[in-house]
Structures are given as structure tokens and as C-alpha cells.
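Asks: Chains as they are written, first to last, in the numbering used here: chain F, 1 to 260; chain G, 1001 to 1202.
Hints are computed from structural coordinates only; laboratory data are not their basis. Among the hints, erroneous ones may be present.
Calculated from the model, a selection of chain F residues having no Cβ within reach of chain G, i.e. all distances over 12 Å [to be verified]:
1) Ala48
2) Phe49
3) Pro122
4) Asp222
Okay, derived cross-link-like pairs now, PhoX-like style, lysine-lysine, Cα gap no bigger than 25 Å in a straight line [as the list claims (entries may be wrong)]:
5) G:Lys1175 x F:Lys237
6) F:Lys36 x G:Lys1082
7) F:Lys208 x G:Lys1139
8) G:Lys1175 x G:Lys1089
9) F:Lys133 x G:Lys1145
10) G:Lys1175 x F:Lys238
11) G:Lys1139 x F:Lys133
12) G:Lys1139 x F:Lys73
13) F:Lys36 x G:Lys1058
14) F:Lys67 x G:Lys1139
15) G:Lys1064 x G:Lys1139
16) G:Lys1060 x G:Lys1145
17) G:Lys1060 x G:Lys1139
18) G:Lys1102 x F:Lys238
19) F:Lys237 x G:Lys1123
20) F:Lys208 x F:Lys237
21) G:Lys1123 x G:Lys1175
22) G:Lys1089 x F:Lys238
23) G:Lys1079 x F:Lys36
24) G:Lys1175 x G:Lys1082
25) F:Lys67 x F:Lys237
26) G:Lys1079 x F:Lys237
27) F:Lys63 x G:Lys1139
28) G:Lys1082 x G:Lys1139
29) G:Lys1082 x F:Lys237
30) G:Lys1175 x G:Lys1198
31) G:Lys1145 x F:Lys208
32) G:Lys1175 x G:Lys1064
33) G:Lys1145 x G:Lys1175
34) F:Lys51 x G:Lys1175
35) F:Lys73 x G:Lys1145
36) G:Lys1083 x G:Lys1145
37) G:Lys1064 x G:Lys1052
38) G:Lys1089 x F:Lys51
39) F:Lys36 x G:Lys1083
40) F:Lys51 x F:Lys67
The structure displayed is predicted, hence computed values, not measured ones. Even glycine gets a Cβ: it sits at the ideal position worked out from N, Cα and C.
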Amino acid sequence: MKKILILYLLSILLAFNANAGTDGENSLSKKNQPVKDCFEGLNRGIFAFNKGLDNIIFEPAAKGYRKLPMPIKLGASNALNNLSNLITVPNNFLQGNLGNAGNNSMRFAINSTVGVLGLWDPASRLGFERIDKEDYGQTLGAWGVGAGCYVVLPVLGPSTVRDAVGSLASFMGGDPWYNVTVKNNTQHFTDFDYYASRATSGVNFRAKNIDAFDNLENNSMDFYASVKSLYLQDRQKKVSNSKKITNTLDDSDWEEIETK
Amino acid sequence: MNLGCNNKLIKFFLTSLILFLLTGKSFSIEPNIFIQSTVNRASTALSESFTKEEKIRKLKNIAKETVDINGIGLYTIGKHRKKMTDKEKSEYLVLFEKYFLKTFSDRLSEYTNPKVSVNDSQKLNENYTIVSSVLVPTKERTEIKIDWRVYTKDPQNLLIRDLIIEGLSLARTQKEEFNSIIQTNNGEIDALFNSLRKFINN
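The task is simple: from the sequences and hints, build the whole structure.
Replies: This is the structure we're talking about:
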């Protein structure tokens, strides 16, 4: 509880810090302003490094993973989704979405027990539908904190200053799975469990998107810019928690070409 | 009597023909039907019986008829459009069409018999309607949501202006990619032209 309070205060401070010395409108507070690429040179360098790493490790691993029997892939995907509830539920609460928090808590309880550590998803059959994941970056965004600059993190990939701060929150007590595996010696889990789950999650994501990534790379003149655009659109959609299609577009741009 | 009857028949046919010609072009089509019909055509073009080259040729023809390539081109060049000369604009639109058709057909030709199911549509204003659809899941991939931005200004000639896949706009991605190429080359529009030429000839 104390940690959650610290995180809450940290987020409030971040939000206020973003407005310090301004009229309340700056790059961290304007929700729909284009996200600046303040460290583009460095970002492109890290992007190239990540791509090299992907070619050597993640892509071959993802190709191997795709060859596994479907029940194994489905079970692994279900278990990872189940674990993600541990971050989603506190963020549902922090965003004031108690309905989703209740739904996801029930999903975690049912799938971890009846669903054997999350390998199966009986909760969906019982009416607890799978809902979009939430994280601390999304919560900060929902509270009105702007994305800040775009950054590419080594190994982890595209992010923003806000989302990177959100990720830090997970390591400061905001992720119960990290707490019981790495942070605290619980006798039940080891560091390996955490890092194995994170690595599997990365490979699982890569395997699901292998064709889409190849297609995007082959049809991009500036792959870095395409990935950045898609990442930022995706985060904008997730932060707004909106199913509205028009929210992903700036309609004024389309209207402008009418006059040409 | 026969002559009078024939004259009446001729008049009837001529009147019908004129009416048909006059009204035939005024039929408008609903955006969701337009999209379903377009994806059905694309699905047929992607059937297993065609070679990759045949698929690409058929897809290009469908795109030329149903996509507002010039409109997307103007959108994707964004703010740089204002400082372009008419000659540069014309050159850009020619390059963009070639680029668009190449990427469009390359992206789709990998699929075989994709099934797209059109669900509903949402009218944004007089100019735009968003049609929602899903790419039906297979063993290899999960369901994918695809929304189509349909330009409805001329109801008799509907055109696609954007594909929004799982909430991600292809036109916006393209626009940001083009802007990045220009920005990283000190705002030189020629840098984009060179990249487009290189891509087209690759």
C-alpha cells in the first residue's frame, strides 16, 4: 500500500513538474500534440542495435517458437496474459475503472486455479471477458501526463519518457510478479521465473507479428520512422481507452486536402 | 396498325434507353456494400489459381479503380505540399502512384483467399464514412480488425482513402515516414523523390 502511495505521489509530481514554469501547456501536457523525437540520432543508433539483436536472437527464436504445436503456444500465451493481470488490475484501480478491475481480478483468480496457472482460460467461458491490458504508462497518460519525447530503449524497443517512467514503476513495487520473483525472496519463485516469462513474452509477441514486421520492413523506405509512427499511434489508442476509430486520426489533415 | 405498333415499340425502347442512360449513372452505392464488393474482388484476385504476377496485376487494377491514390498522396506529403511548385506536385503524384501500387500489391499478394467480413459503418460527415470489417481468423493468425475510410463526396464514385488496421492508420504511418525522410535531409523534398525512385526501381 505504501509503495502504491509512493507511485501515486511520484506520478502527481511528474504531472506537476511537467507544468512547472509554463502556462500549463507544454510537451508533457498536450495529449494530442505530435511526440518529439528529441534524441533521434541516439534513438536511431539503438534501433539499429536492437534490429541486429533481433536478427541474431529474437527472430530465429520466434521462427522456432512458431513451429511448436498449437496447444503449447496457446497455453503459453494464456499464461502470459494471465500474469499481465497483475499489472493491469492495479492500473484499472488507478484509472478509477473498478468494473474492469473486478473483472480482471476474477479472471486472474479463476485462470490461476481452475485454469492451472493460467494455461487455460475458463474465465472467459464463465463470462469474465478478456479486456485490454493496462500499464503504468497508460495510467499516467489517462491522468493527463503527455508522452514526452520518443525514446528507443536497448532490447526493450520503442517507448516514450512517460512510458519509460511507467515501466520504472513496475520495478519499484508496482508489479507483483516482479516482487515475488526478483525483489523478494519468497522461496517459491526465483529470478529465473521472472526473466524467463519476460523473454517468452517477447518471443511470443515477435512470433505473432513476424509476417507483419517483415512486410513493414520490406515496404518501408525509413523503417525507423514507420515503427515509431505505429508505436505512437498504438499508445495513443491505448491511453485514450477508446474504441472510436476517428480518435486515431487527425481529421483536419483530411479536410485540408479538400480545398486543394 | 402494325406500323403504328412498331413506332410505339420503337418509341418505348428509345425512351427506356434514354431513361436508363440518364438514370444509370445516378445510382449511388452504400459505403459498406462498396467495401464488401471491393474486398470480394481482391479476394478473387488472390485466389490460389493465379501466379504472383497475375495477382499483382489484378490488385493494381482494383486499386486504381477503388482507391483515391492522388488524395492519399496529397495527404501523405502533409505540410510540405504548401512549398511545392506545381511541377514538383505533378512529379510527386506520378511517383507516389507508382510507389503506392507497388507497396499495395506487394503487401497483399502474400495472402491467399483472405476472407473479409464487413460489419457496419459510421458516417463521419458528408465527405467521409468509416466502414468496419474483420479479416476472418485462420489457424496461422487471429482476427484482425480493419476499418476503411471511404471518401463519399461523390456518392456515385466512392473511393478508399485509408485503411486503419487494429486502430493504426496506414495513411498516417506513411505521412510520418515521408515527413521523417524530408526532415532528416534538411527539409529537401528531392530527398523524398530520390527515395521513392529508388524504392520503385528496386
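Asks: Failing hints, ascending?
Replies: 4, 13, 15, 17, 18, 22, 25, 28, 29, 36 and 38
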